[in-house]
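There are 2 protein chains.
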Amino acid sequence: MKIAIYGYGNLGKGVECAVHNACDAELVGVFTRRDPEAVKTLTGAAVYKADDLPKFKGKIDVVIICGGSATDLPKMTPALAKDFCVVDSFDTHAKIPQHFENVDEAAKAAGTVAVISAGWDPGMFSINRLYASAILPNGNDYTFWGRGVSQGHSDAIRRIEGVVDARQYTVPVEEALAKVRSGENPTLTTRQKHTRECFVVAEEGADLEEIRRKIVEMPNYFADYDTTVTFVTLEELRKNHSALPHGGRVIRTGKTGLNNENSHCIEYSLQLDSNPEFTASVLLACARAADKLCARGESGCKTMFDIAPADLSDLSGAELRKTML
Amino acid sequence: MKIAIYGYGNLGKGVECAVHNACDAELVGVFTRRDPEAVKTLTGAAVYKADDLPKFKGKIDVVIICGGSATDLPKMTPALAKDFCVVDSFDTHAKIPQHFENVDEAAKAAGTVAVISAGWDPGMFSINRLYASAILPNGNDYTFWGRGVSQGHSDAIRRIEGVVDARQYTVPVEEALAKVRSGENPTLTTRQKHTRECFVVAEEGADLEEIRRKIVEMPNYFADYDTTVTFVTLEELRKNHSALPHGGRVIRTGKTGLNNENSHCIEYSLQLDSNPEFTASVLLACARAADKLCARGESGCKTMFDIAPADLSDLSGAELRKTML
Numbered sequence: 000m001k002i003a004i005y006g007y008g009n010l011g012k013g014v015e016c017a018v019h020n021a022c023d024a025e026l027v028g029v030f031t032r033r034d035p036e037a038v039k040t041l042t043g044a045a046v047y048k049a050d051d052l053p054k055f056k057g058k059i060d061v062v063i064i065c066g067g068s069a070t071d072l073p074k075m076t077p078a079l080a081k082d083f084c085v086v087d088s089f090d091t092h093a094k095i096p097q098h099f100e101n102v103d104e105a106a107k108a109a110g111t112v113a114v115i116s117a118g119w120d121p122g123m124f125s126i127n128r129l130y131a132s133a134i135l136p137n138g139n140d141y142t143f144w145g146r147g148v149s150q151g152h153s154d155a156i157r158r159i160e161g162v163v164d165a166r167q168y169t170v171p172v173e174e175a176l177a178k179v180r181s182g183e184n185p186t187l188t189t190r191q192k193h194t195r196e197c198f199v200v201a202e203e204g205a206d207l208e209e210i211r212r213k214i215v216e217m218p219n220y221f222a223d224y225d226t227t228v229t230f231v232t233l234e235e236l237r238k239n240h241s242a243l244p245h246g247g248r249v250i251r252t253g254k255t256g257l258n259n260e261n262s263h264c265i266e267y268s269l270q271l272d273s274n275p276e277f278t279a280s281v282l283l284a285c286a287r288a289a290d291k292l293c294a295r296g297e298s299g300c301k302t303m304f305d306i307a308p309a310d311l312s313d314l315s316g317a318e319l320r321k322t323m324l
Numbered sequence: 000m001k002i003a004i005y006g007y008g009n010l011g012k013g014v015e016c017a018v019h020n021a022c023d024a025e026l027v028g029v030f031t032r033r034d035p036e037a038v039k040t041l042t043g044a045a046v047y048k049a050d051d052l053p054k055f056k057g058k059i060d061v062v063i064i065c066g067g068s069a070t071d072l073p074k075m076t077p078a079l080a081k082d083f084c085v086v087d088s089f090d091t092h093a094k095i096p097q098h099f100e101n102v103d104e105a106a107k108a109a110g111t112v113a114v115i116s117a118g119w120d121p122g123m124f125s126i127n128r129l130y131a132s133a134i135l136p137n138g139n140d141y142t143f144w145g146r147g148v149s150q151g152h153s154d155a156i157r158r159i160e161g162v163v164d165a166r167q168y169t170v171p172v173e174e175a176l177a178k179v180r181s182g183e184n185p186t187l188t189t190r191q192k193h194t195r196e197c198f199v200v201a202e203e204g205a206d207l208e209e210i211r212r213k214i215v216e217m218p219n220y221f222a223d224y225d226t227t228v229t230f231v232t233l234e235e236l237r238k239n240h241s242a243l244p245h246g247g248r249v250i251r252t253g254k255t256g257l258n259n260e261n262s263h264c265i266e267y268s269l270q271l272d273s274n275p276e277f278t279a280s281v282l283l284a285c286a287r288a289a290d291k292l293c294a295r296g297e298s299g300c301k302t303m304f305d306i307a308p309a310d311l312s313d314l315s316g317a318e319l320r321k322t323m324l
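Listed in order, the protein sequences are those of chains A and B. Note that numbering that gives the first Met the number 0 has the first sequence beginning at 0, numbered continuously upward. Note that numbering that gives the first Met the number 0 has the second sequence beginning at 0, numbered continuously upward.
Accuracy of the hints is not assured; some may be wrong.
Just so you know, same-sequence chains aren't split out, so a pair can sit in one copy or run between any two.
Said to hold, decoys possible - With a Cα cut of at most 25 Å, we get these calculated DMTMM-like pairs of lysine to aspartate or glutamate: (1) 321 with 104; (2) 238 with 164; (3) 74 with 206; (4) 74 with 318.
Honestly, the hints are just simulated from the structure, not real lab data. Fair warning: this is a prediction, and the values are worked out from it, not measured in the lab.
In isolation and in its complexed conformation, chain A is listed as follows (with noise of 0.2 Å):
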């Protein structure tokens, strides 16, 4: 399976490695819109102008846009869905219906398959609550996030005036969690839920209560949510807060029986010491799924709902059901 990379930031890597370390994918390139003199590969892989992929049609079986939810991919998985099979990470809940309808239009009059937001949530988080609520009709799902940092709330606290750095940690909370398991179905706040830790680093002579007051009271981010701000050097921001984990979990409760009578509890979660790698390789599993489906003939848009495990899998279905049935 041939590889492109459309993209080059902390998901396009991520993609880079998991490509290296798969047995049945070779990467073809890097393509970027920056300057390719300027972009280094971790692993010496071909840099490409981002306009030049078109002349790769035919020597490419995936293309995988690590590009941003927000501008890059609602253009992006459109355009290229119109030469090549390629895999996204859109994440913007409320748009994906939107963007499903787009490159669907596009993949299906070019004949290619385009899987859009593969990942984890979007992704295998989603799959999860299909699975639970399709066995388990008569209940309710829960999603917790975190451990984790959250990139966008770190990007809205660097915004702040006197803010150098910062990083936004996501954390469920554990009362909340033992309430959602116990079956009791609990209706719970946003407040309830998580809280945010923040890590930041100030201006010499900033006014660091303004800026925790700024942080705190900021609608959508944090003034829903019980927020602790602590101010840091940058050595240490660097030292201990460098990485990008995340994880979280998906519980559903439900009940079964003639009147009811029994719970269950099905949890999947996530433990993740870098969110950009393993949502690269998420995708990297949904490429292959894009290569097999086209080569069956299939087109058009699809999530990880439309595809069969087995799709994801290099193993053949003899030896998945002799091996992990």
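Assemble chain B onto chain A, guided by the hints.
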């Protein structure tokens, strides 16, 4: 979706409850090898002779076969797949490839869809082994069962002379779980992973020490485990050990990064008040998938590996993308 239940033990009763609680399914009837007059269903569903099932051809969408894996299913599933879409919970892991071949031949010839080995292990646990290994190829997975009742082990104790009744619980070793989650990829012996707790009712005057010895030394079932035996009265057994709880977890830890510098842990866990009712709920979701696949013109034997998650749900693709992705 019109469902028939073939075989009416604990699993058949579980399917009856699941259909009763589902929005999109109705029960045509229960088919039994016993005298139908002697079988009283939980919901008042009609009971027919097993031999009368062929008369219902065209009036049933999917037959859920609730027989045993040892002798029933190897015969029943290929035979019934000649007339109906079917689902079974065949769970003799080593014999799945042969069962698959037999059922596939029958279903392909008849143009029906047969889903085999559905449930939680095989079933949901298998799917989770597959997803996790496709995402983290450089890793190891571990399956733990319990705390829960093993009916096979309970039966083995009951066959010992002087035993009136017994219940056996399989219990995962917490220390082993912690080692696995830490990512150190431990090699664990059978004894290190699970313990076995037996609650036994003995005949009056029976040699309790002799019964205990026969249990803990029983090859295959107990000899490789640390086993505890507690003698209880029949009243205590009925009062405290009459339910059929079970569960367990599939854990995969794996590495990513250029030099495998990042660790990840994926864990899927189930905690079930009623093993047969949860298994039945999975079977009903698979019946929905069999019905959809057949309507799309597919045929042959499938496992949960071959079923896209969306096909287990009664929601449309657009609804799923909007509400669960």
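Hint check results:
With identical chains, the CA atoms of residue 321 and residue 104 are at most 25 Å apart between copies only, with a shortest distance of 18 Å across copies and 39 Å within one. Taking CA atoms no more than 25 Å apart as the test, residue 238 paired with residue 164 passes inside one copy only; the shortest distance there is 13 Å, against 61 Å between copies. When the C-alpha separation of residue 74 and residue 206 is checked against a cutoff of 25 Å, the pair qualifies neither within a copy, at 41 Å, nor between copies, at 78 Å. Taking the shortest alpha-carbon separations for residue 74 and residue 318, only the inter-copy value of 24 Å comes in at or below 25 Å, while the best intra-copy value is 39 Å.
Going down the numbered hints, you'll see the structure goes against just number 3.
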